[in-house]
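Here the protein sequences line up with chains A and B, keeping their order. For reference, each letter of the first sequence is one residue, going 45 to 387 in the numbering used here. For reference, each letter of the second sequence is one residue, going 45 to 387 in the numbering used here.
Warning: the hint list may mix true and false statements.
[Claimed, not checked] Derived SDA-like pairs (lysine to any residue); straight-line CA-CA distance at most 25 Å:
{"id": "1", "chain 1": "B", "residue 1": "LYS124", "chain 2": "A", "residue 2": "GLN79"}
{"id": "2", "chain 1": "A", "residue 1": "LYS158", "chain 2": "B", "residue 2": "GLY160"}
{"id": "3", "chain 1": "B", "residue 1": "LYS100", "chain 2": "B", "residue 2": "ASP310"}
{"id": "4", "chain 1": "A", "residue 1": "LYS254", "chain 2": "B", "residue 2": "PRO85"}
[To be verified] Here are some chain B residues pointing at chain A (derived, C-beta under 7 Å):
{"id": "5", "residue": "ILE80"}
{"id": "6", "residue": "GLU84"}
{"id": "7", "residue": "THR163"}
{"id": "8", "residue": "ASP169"}
{"id": "9", "residue": "ALA170"}
{"id": "10", "residue": "ASN185"}
{"id": "11", "residue": "GLU189"}
{"id": "12", "residue": "MET204"}
[Stated by the list, open to error] The following label-pair restraints were derived from C-beta to C-beta distances:
{"id": "13", "chain 1": "B", "residue 1": "ARG88", "chain 2": "A", "residue 2": "GLU320", "range": "30 to 40 Å"}
{"id": "14", "chain 1": "B", "residue 1": "ARG88", "chain 2": "A", "residue 2": "ARG209", "range": "14 to 24 Å"}
{"id": "15", "chain 1": "B", "residue 1": "GLU78", "chain 2": "A", "residue 2": "ARG209", "range": "25 to 35 Å"}
{"id": "16", "chain 1": "A", "residue 1": "SER82", "chain 2": "B", "residue 2": "ASP96", "range": "27 to 37 Å"}
{"id": "17", "chain 1": "B", "residue 1": "THR246", "chain 2": "A", "residue 2": "PRO85", "range": "53 to 63 Å"}
{"id": "18", "chain 1": "A", "residue 1": "ARG209", "chain 2": "B", "residue 2": "GLN349", "range": "45 to 55 Å"}
{"id": "19", "chain 1": "A", "residue 1": "SER82", "chain 2": "B", "residue 2": "ILE80", "range": "31 to 41 Å"}
{"id": "20", "chain 1": "B", "residue 1": "ASP247", "chain 2": "A", "residue 2": "GLU217", "range": "53 to 63 Å"}
{"id": "21", "chain 1": "B", "residue 1": "PRO356", "chain 2": "A", "residue 2": "ASP153", "range": "47 to 57 Å"}
{"id": "22", "chain 1": "A", "residue 1": "ASP153", "chain 2": "B", "residue 2": "GLU313", "range": "23 to 33 Å"}
It should be emphasised that the hints constitute simulated quantities derived from the structure, not laboratory data. Virtual Cβ for every residue (Gly too), placed ideally from N, Cα, C.
So you can see what is in the structure, the chains are spelled out below.
Number of protein chains: 2
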Amino acid sequence: MNASQESESARKLLPELFQLLRPHLSALDAFLEEQIASFEPEIREQVNYCIDTSGKRIRPSLIFFSGWKNEEFVDPNLVKLAGIVEIIHLATLVHDDIMDEADMRRKQDTVAKKYGNTTAVLLGDALFSHAVYLSTQFPTNEVCEQVAVAMRNVCSGEIMQTMQRGDPDITLEGYQRVINLKTAELFRVSCSLGAALAGEPTDFCEAAGKFGMHLGMAYQIYDDLTDFFGIQQTIGKTLGTDLATGKATLPLILMRDRLSGTEKEDLRETLCGNREPNVEYWLNKMATMGIFMEVRKAIFDEIRQARSKIEPYQNLASQSLLLTISDLIWNQVETLKSDQASN
Amino acid sequence: MNASQESESARKLLPELFQLLRPHLSALDAFLEEQIASFEPEIREQVNYCIDTSGKRIRPSLIFFSGWKNEEFVDPNLVKLAGIVEIIHLATLVHDDIMDEADMRRKQDTVAKKYGNTTAVLLGDALFSHAVYLSTQFPTNEVCEQVAVAMRNVCSGEIMQTMQRGDPDITLEGYQRVINLKTAELFRVSCSLGAALAGEPTDFCEAAGKFGMHLGMAYQIYDDLTDFFGIQQTIGKTLGTDLATGKATLPLILMRDRLSGTEKEDLRETLCGNREPNVEYWLNKMATMGIFMEVRKAIFDEIRQARSKIEPYQNLASQSLLLTISDLIWNQVETLKSDQASN
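This is chain A alone, in the form it adopts within the complex:
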């Protein structure tokens, strides 16, 4: 594959993909709606507000595709797993928004803004607990065990990220370790458990898990890239927030390592919070240094690795569908690139 071929195919495949997933995603929406009734009546309004159905549903899509049989068959076990993973993801967002003191998410007030931090902490906890409860509703402990490990890893990654904030000397390895735990882990579990619940052979489940892991890395690097190269209106947040809050993501790490002398020191001091962040200056600097293309290459490498893991499984319907999801993510990077060019 080469980059432009992939991007082209993803553009073509997009509507078809969502057509395929439509019955599965509808079943997921219905499942999530049903969960609200499991909470105490007094808190259902708040839970309903958290269970937002406007997300990109990337983790559920990975689950459905990893255990794909055919278009007609909506496997209730996969729907349940997708519900569990989505609820965990939503719970982490509820807690993230408290920590980031964010007011808006997906064009509405964050849970913390609407109900206060106290309720937001507890609602996140209640969502976590409910996701765990749902994962006990499988015949074996496997789902619950993997979900619990993934949850703990996500939290560990977030704690490390919090500890790294304001540290100007984060290494590439330190960054990769954090995003592996906080993002790639849930992608990995989505793919491996999706395949396992559908009864796929163990070797494919493992391969799908590795695919998910690398795809998750790619996805997080892409997400971090949009903080510097996104279109403000599209991503719905101010560019350069990571720089302003001392969070050294890949674009900043790469820029820092290529700078020298006073400029390097300036950037370090900005990351430490010792200097008022001159976001515009650094955005321009990044553009002139070609950081976009370097980060794009890192994403490409992760996607390439992801794809290689499932390459041998051409006989499985899952394989081409998972490859298509990787196309879609790559496509988003390429769209960002054309946006840069036309700016």
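Chain B: place on chain A using the hints.
The following block gives chain B in isolation, referenced to the frame of chain A:
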């Protein structure tokens, strides 16, 4: 039984009880220590700080006694369950201290004070996740399922309590519902699962669960009572905090319902936060109205109900040990009463 007999027997039994539990509680401490290594190296220091071993260990004691065989036999399954329940309890404390903006707990800085709110939210989450992981390490889903339901109920109770804050018209039933969820639930699960893991018959597991539930109610009412009638140095917090923060607990509800006219309105306005709380005035009022004895009666009723649930099981060693724990709680109430008298 009558109150003074019980109190006397509990005073006698106290050292013997801890002697009995010593090997079990040591095994629990060792188990909790071991868990630290399961977390990512970068966050072990923080986890270690959370896993404080100075607590009263009331839930673990209930677990060990519910599944009691004999002094020599320390059942590793009960140790694991005690570890799980204690970790969940510690996680709720970490999150509680963020919400209450508390600085101190058990004579040291709270996790939120020491590491910041962000890390505290995440550490609580990581502890929850690890407790869930541990509960998947039993052959069946039962432990994990019950633990998840209990966790969700604890959070629901806490959310309701947050929603009720500042509401001067909380009913007795509303109060009971909250403490049932936020406290009694984990007591219930401790007793019923402790018995179940030890292979006790189903009817005793259920009875032990009901015992735990009523004991948890008693314990929370006692805890709420100490906010008004405790000895400041002993409980380590300022008296009347619940009044000052608009949290209507049983002593306040009972006083409110017995007041009339301006005084009732004054108390309501104080609970709403519309009036500066005159804590001393209301503490005196409570004393003259005999609220202590009324709350004491409510605790007594719960303990009596708790005891009645396990009454038929005189053939089980668990029975007398659980009864002794209820003696201990009652003993604490009586100590509070003599402190009042000698004041």
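Enumerated hints in conflict with the structure, sorted upward = Failing hints, ascending: 1, 3, 5, 17.
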